[in-house]
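Asker: Sequence:
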Amino acid sequence: MADFGHWTSSLRLNIKSLKTFPVFGNVAQFILLRKIYHETINDLYEALGDVPFGGVYQMHDPFLLVKDPKLINRVLIADFKVFSSRGPVLFASQKQKLKNDLTMNVTLAHGERWKMLRQKMSSVFTSYKTKQMYEQVSYCVNLLTEFVDKQMDVTESVDVSTKNIADKLAVEVMGLCFFGIQCHSFERDYSEFAVMCGQIFTTQSANVIRLIFSIFNKKLWHKLNLPDFNKKVTEFFKSMSLDVVSHRRQNKQTRNDFLQLLMNMQNSHIDPEFAVASCGEVPEDS
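Quick note: the sequence shown, position 13, residue 18 per my numbering, numbers continuous.
To be clear, the hints were calculated from the coordinates, so they are not data collected in a lab.
Because the structure is a prediction, the values reported are computed rather than measured.
Virtual Cβ for every residue (Gly too), placed ideally from N, Cα, C.
Just so you know, not all the hints are guaranteed correct.
[What the hints assert, rightly or not] Taking CB as the label site, the calculated pair distances span: (1) Ser251 to Asp84: 34 to 42 Å; (2) Lys40 to Arg253: 21 to 29 Å; (3) Lys237 to Asp164: 30 to 38 Å; (4) Met126 to Val87: 16 to 24 Å; (5) Ile77 to Asp164: 40 to 48 Å; (6) Tyr42 to Tyr139: 26 to 34 Å; (7) Val129 to Pro74: 18 to 26 Å; (8) Gln156 to Gly54: 20 to 28 Å; (9) Lys155 to Ala83: 49 to 57 Å; (10) Ser251 to Tyr50: 38 to 46 Å; (11) His189 to Asp55: 46 to 54 Å; (12) Ala52 to Arg79: 18 to 26 Å.
Start from the sequences and build out the full structure, keeping to the hints where you can.
Answerer: Next comes the structure, spelled out in structure tokens:
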């Protein structure tokens, strides 16, 4: 049974919480695929009002939503050693036995693995290093401008899907800024890279089943060691990443993109608990 009194009991100092819905807790809009996750969290943030933090429920699991910037700074910096866990815990298990999976990243990792990745990745996400990618983003925006201009030059009236255009721009930016590859999304309707990106975020039935099952019965999900993402998608991005890394090392090439930052970090941090030859694996949790 869900303990929706977790945040209001006397032992929790009567922390403010919101009205919950049976089974769903406070994330019904996300579970029912009516809103994406960060929109759901933003709604909870606004609903809590003028408090430094509040208690929310992701399904039946209680989570502390910290709002005050000073407290956030303490959690992420000053007292970070105390906070080794964070949400959303929708996919990866504590053990995370599946290596080279899309969940093996700082966004979806959990527990001590997230803490380790977060510490290592902090040096990558500096404003100076991310600004080095502005040139690639600008290049993609110019491609967008040229595409729109061509559409405007058509003499006959044409219907233009803004979502389709935004998808093309997103694919180009991801391909160039993350992997240093040009996807030519504005020149053709479909590319394998775009299709694989779409399958990560699509609400097709298989993804919905994975999401619901991983939330309703996390223990069984982890025990069965089921994949969190489509195996074909995982293998595509794994293979592409390793191919790009191998090509750059063999040809001594460098680029101002996210993958290069990871390669530089790995080359400069030879740590048996982090750096590995395949540039993608990470160790098991102890």
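Asker: Check each numbered hint against the structure and report the violated ones by number, ascending.
Answerer: 2 and 8
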